[in-house]
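Chemist: As they're listed, the protein sequences go chains U and B.
Residues 1 to 322 in our numbering are what the first sequence spells out, letter by letter.
Residues 1 to 331 in our numbering are what the second sequence spells out, letter by letter.
In case anyone wonders, no lab produced these hints; they're calculated from the structure.
Backbone N, C-alpha and C fix where the C-beta goes; we use that ideal spot for every residue, glycine too.
Some hints could be false.
Some but not every residue of chain B turned toward chain U, in silico, with C-beta under 8 Å [said to hold, decoys possible]: (1) Arg134; (2) Ile135; (3) Leu154; (4) Ala156; (5) Tyr194; (6) Leu265; (7) Ala266; (8) Asn310; (9) Ile311; (10) Cys315; (11) Val322; (12) Leu326.
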Amino acid sequence: MQGRNAGARDWLELPRVLPLLGLALIFLYSAIRIDQFLTVGNLLLLLTHAAYVGILAAGLTFCLAANCFDISQGSIVSLGAVMSALALRGGLDPWFVVLLTFGLSSGIGLVNGWLVGYAGVDSLIATLGTNAVLSGLAFTLNLGESVPVVTDQARVIAWLAEGHIGVFPVPVLLLVLVALIAWFVESVTVFGQHMRAVGGNLRAAVEAGVNVRATHLAVFSASAVTAGVAGLVIMARMGAGNPVVGPSYGLDAFAATFIGIAMYFGQARVLGTMVGVALISLLVYALNLAGVNPFLQDVVRGLVVVVVASATTIRRVSRARG
Amino acid sequence: MAEPTGAAAGRTQPRRVGRWGADRRVMREQLVFPTVLAALIVLFSLIAPQFATWRNVLNLLIQVSMDSLLALGLTGVVAVGEIDISISAAATFAGVLAAGMMRDGYGPLGGIAAALAAGIAIGYWNGLLVGRIRIPALVATWSTMVILAGGTKLYARLPIYAGLSGKFLFLGRGYVLGIPMPIWLLAAATAACYVLLHKTQWGLKIYAVGLNRVAAQVCGVPIERYKVGTFVSCGLLCGVAGVIRVARQSMAIPWQGLAVPLDPLAAVFLGAAASPVGRVSIVGTMLGALTVGVMINSLTLMGISLFFQNIVKGCVIVLGVVVVALRRRAR
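One chain only, chain B, in its complex shape (with noise of 0.2 Å):
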């Protein structure tokens, strides 16, 4: 099956660094994305004038930190080689379950418990089976995403709204220090998985599984442990996002984003994409999700229909990956 992760696993030269830590290429490559994000920002604010309200921004970001989670999750995944398909189906479950265990009375303290062991099992599971049993991650993880859409309409057929308790509700709609909760949560989250992934030795293991695999296993990396590892981490960010998604509608939809999810994805692999070794990052994927952030906003400022942003967001997705493709193969 597909080294899913071709994109950014593939064409990745060593390079000579500079004594001070990156050569000046690598500097100017960096820049680009974050430049081309300021771009949009400027263009969108122009166009739109609600959009660079300080309601809007934290409305943004909010809208985002559900994407971001799971973003975040499936960088794990990708860097290890893997990929995972089920992780908005996961969400979804995780939340549902929240729900429906705090609308029988375990209030939300075992609503929470419920979704992270949910999102955790979840992972686990996918793990065991592309990393233990080695079927390859999308037969895996699609067939994990198919039985948890049909779980999840098994376990609630309508939305689940009873049971909320104003606690719970302040994950998704409270306020701390003016910032909401989702937002504090997401980024408590991203500095977890920035160190994670790029300050312990755990994560110099998960790239070089994710690299070269055989040389990992040669170096005494126990592989089927560091994906277990991976899946899971990824789960337990399904079921927080999932929570989150749920705290801040205050209800569960069991019919919401049982597919295969283009935001997450689409975040991730922009992220790789324009990294200067095509190489998943933390700061990759939530550049890449900020860009998909407000490319969502201001198309809906701008009063676009659902259908049709869609259509935009598919093409502008698209062509973003391609342009990235495009200037690497030419270099």
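So here's chain U without its partners, still in its complex pose (with noise of 0.2 Å):
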């Protein structure tokens, strides 16, 4: 994908110009019609489900950014779910159980980095071959069945899920300080700049002496991260371990970070994901408001994908002819 850098005009294009009205439009269209939406307590709760997804679609964004694609996300998320709440029932710890799902899905990322940077497997059948193994693992912990979990006694995850500061629930502070490290990371850091060469031209990359195979590895351990820590969160917030919610939310992630590449005329940037967080979320809820069926729902969900991937696309083809 080719991109540019960003200019202040660059907000009068089309392709960034869309999800904004879009996200205008369903916004206005939520506020007229439901009395209550436009106070602070529903707003916060709409960004607290926003949460889940603005946290792993921050850790796909790094990846995405860097030319690879993970798909076992959404199996990470089944199984950071399970295998926190199966911790805590055995007795564990809940500080530990913290350490343990970081300590995990960081030990996938590096495993999935590993087999991308230092095999030289294609990122996309690589993921997919460990998306099958997570799922399976997910599935096979507890015989495909939920894991209860009372959060009462593990008060940091119940903290996690349910707690507040100020008025913000702590999701939302998570996914700010993960939307903040991210954009820090992107922007600040030389990694960022690397994570991005590798992106663009991995053999120029290559010559220009980025470490290519530390940028894989660190790609699909922040991308792995997310997800865990996404899956710990849902986890407490459902108050069980279910190993069937994770590719809801990787289905989602992908649309918000696709979204976001296509506001970036092609980079994925952590910005632009977020606004497509905002947007797929939004949507979701301005839909399931409107009472559409849950399935043309996703047929909305992949058209708006589609049509703001277009708008990118024409933009570049029409600035190439002239």
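Assembly of the complex is requested from the two constituent chains, each provided in isolation within its own frame, with the hints serving as guidance.
Modeler: Structural data, given as structure tokens:
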């Protein structure tokens, strides 16, 4: 994908106007349709729901920035949820469970990164393979059953899902934190530049002395760790580690990231992804509100991605023609 | 976006070719994959006595036939330098549509025609998005997959049993000369794809576009048309696969296979990775599909649960691709 540096005028381009306009229209529609929509409480609730997808998508953005595809995120969410629920039920210290989730998911990320960076396997087939293994694990660990958890004893974990700092729910703050860190890493650090170099032109990056292997390890770890954390928070929120929850979050994370890529004319950037997260979450909210069939919602989700992606490429082609 | 065929298209060195078509090392390389497959078959026949029976071999080939058809279509798409992850969802949609049409009284021919037309339309849509509008193939076919997943369940909430006539079911359950119909169809599709991709100028140009787009363009190959063409033929094969599956199961299940398909992708990538020059080919794909099929079949014979099968399958596929990639790197 080709991309270029952002300038102020880019914000007038169709690929950016379209999602933002859509966001504004859906927001307006919801505000008119429901009385209680424009209350702080409701908006924060909406943000809380967006937070899970947002955390996932932040990690995925790194992967796609390095031109890698991570399909295994959805099953890491499931596995994270089931594993942490089992660990809690087994009486492990909640702090240890948090650490365990971090360790486990970063381990999975390192495996993915090794497969792509060191063994040289195509990222799609590598993560598809690990995805089969991980979802199989998530289902076999408790024989496909959901693992109920009482989080009364586990204050930390309950706090992660239900707690507040001031008026702000913790998942929302977690999303803000993750997004800020991701933005910092992407825009300020050298690693961010390496990531985009690997994504832009692998051979050129190698020639320029970028440590491609380490970059692959890092981006896949980022995507796996965000998925693991999201799994933990989702588990705490639902009060159960359910192996079927992951894939739908993974799907929305992809949709959000793809919209973000289109907004940045082919580059995966955290800011674009976050707009994508907002658009997808608000869209799902409004469609539910309007009583639209959930299967039709899938169709709409796919169409939104196609339309925004087309806007980018049509713009690029028309530019190239003059 | 990724050149998704990194493993397939990347490391192709021009190789000196002897007078008789191939030098010794290439010959040796070509024999590695069949040898591994043969070793697996011997191993599994020793572990599971039911494995090497005629009945089970036919069964295995029938099981393989559907994913192989998808993998055949995917081979062309990967050869042209793109990827299609909507194949499995397209097959499901086509199959459910066929069953729905037959339920509504359009007869077996109407149902089959609808399924094939749906497959072609989906392929054309993908080809348009990727070839003409130039959306990265993963994004485009991902969105097609999501749309089809929703669309299939919108069209039918529950499995469709009604209206599947005996003539239609013959496609999945009938025998001709002692060989089940799905195997005949798979053999015909394999032969057709082999000729198209390896024995015609079209095939040559498909590879040309995939290996070096700019060079192909300079040589006057209409790139967009070739991309659309491969996606359309892939879609057509998805339609065939969908019909066969419905005919074999005697019903259309609307929630089957709506995710990113592991087995066909694994077949294509294993086949490409194991070939001497790391390029996709029909023979490689079929060998890959057979390997995956042999594995699944013998795991089932050993009585391993479906979830656990997934774990083993994922491990073996990852391991296979890694071993081949590392061997290539070591050279």
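Chemist: Evaluate each hint against the coordinates.
Modeler: To see whether the hints hold, each was checked on the structure:
Against a cut-off of 8 Å between C-beta atoms, the interface hint on Arg134/B holds, since the closest Cβ of chain U lies about 5 Å away. Among the interface hints, the one on Ile135/B holds; its C-beta lies about 5 Å from the nearest C-beta in chain U, closer than the 8 Å criterion. For Leu154/B, the shortest C-beta to C-beta distance to chain U is roughly 4 Å, which falls under 8 Å, so the interface hint holds. For the restraint placing Ala156/B at the interface with chain U, the shortest Cβ-Cβ distance is roughly 10 Å, beyond the 8 Å limit, so the hint is violated.
Among the interface hints, the one on Tyr194/B is violated; its C-beta lies about 23 Å from the nearest C-beta in chain U, farther than the 8 Å criterion. Using the Cβ-Cβ criterion of 8 Å, the hint placing Leu265/B at the interface with chain U is satisfied: the shortest such distance is roughly 6 Å. The criterion of a C-beta within 8 Å of any C-beta in chain U is met by Ala266/B, whose closest approach is roughly 7 Å, and the hint holds. Interface restraint check: Asn310/B against chain U, minimum CB-CB distance 3 Å, threshold 8 Å, status holds.
The criterion of a C-beta within 8 Å of any C-beta in chain U is met by Ile311/B, whose closest approach is roughly 4 Å, and the hint holds. Interface restraint check for Cys315/B: the shortest CB-CB distance to chain U comes to about 6 Å, inside 8 Å, so the restraint holds. Interface hint status for Val322/B: upheld, as the beta-carbon distance to the closest one in chain U is roughly 4 Å, under 8 Å. Residue-level restraint check for Leu326/B holds (minimum Cβ-Cβ distance to chain U is 6 Å; threshold 8 Å).
Comparing the model with each numbered hint stated earlier shows that hints 4 and 5 do not hold.
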